[in-house]
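The task is simple: from the sequences and hints, build the whole structure.
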Amino acid sequence: MKIDSIGFVGTGAITEAMVRGLLTEPAYASQIHVSPRSAHIAATLADEFATVRIAKDNQDVVERSDMVFLAIRPQVAEEVVRALSFRDGQMVVSLVAATERQALSEWIAADVHLVQAIPLPFVAGRQGVTAVYPPDTAVAALFDALGTAVQCQSRKEYDLLAAASAMMSTYFGIMEQVAVWLERGGLEKAKGQAYIAPLFASLAQKANSPGNEPFSALSREFATKGGLNEQVFSDFEKKGGLAALTAALDGVLARIEGKN
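Per full-length UniProt numbering, residue 1 is the first one in the sequence shown, and the count goes up by one each step.
To be clear, the hints were calculated from the coordinates, so they are not data collected in a lab.
From a predicted model like this one, the values you see are computed outputs, not experimental measurements.
Treat the hints with caution; some may be incorrect.
[Stated by the list, open to error] Here are the in silico distance ranges between beta carbons for each label pair:
1. Ala50 <-> Ala194: 35 to 41 Å
2. Ala217 <-> Ser169: 23 to 29 Å
3. Pro134 <-> Gly185: 32 to 38 Å
Where is the CB? At the ideal position from N, CA and C, for every residue including glycine.
Here it is, written out as structure tokens:
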């Protein structure tokens, strides 16, 4: 699948990641138009890829694109989107976090084909997993090209995956805590990081291997009866680690759903 013209309103980190993923050979876009905001990123992409064009402004992006991505912060989304004129039937993919579909439709004020998605930075290397709502063949095919698309059948499914995607900082925070603990014990920090990073990468690779083995089964597999792994997980659970994680996910889901 190759799209003739893709546009990005907003040129931040996710736009940069998507452009890099889309234009890695074989390219999935003939032309990409980016807004002039975040001038450094826009200029870097235009210098690196001959098919990237820096638009005059956001409206220029919309007018030149078959598929428009709204890659803007939720704090400014309404102001930015209301100022734009879209074509009826135009494909619009919103990457705006924690924003209701109904609100987006009102701001757009045209009969567009609106889809929401949550791409993660790993799409740059075509290894990202992206939630898509509502299900859409063309948008899912694009994100499958950038890794894996998960099509959600309901807003609830989409919001749950959005909450789960908020685990990224915590993942690295746990790695940092282990590295700090090792350093306090006398191990060089660089040596600790050199050990922890591939350890976690190997575990993630195991979880993503063919067969879709349940996480609970993997946890049991790696927790030898009476062993060290079992001890750490047991202590983590008894001292409130799992409860704290669940509460954090409940909190971020409530924020996504506009309940706090």
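Open item on the list: When the structure is checked against the list of hints, which entries are broken? Sort them ascending.
Closed with: When the structure is compared with the hints, only number 3 turns out to be violated.
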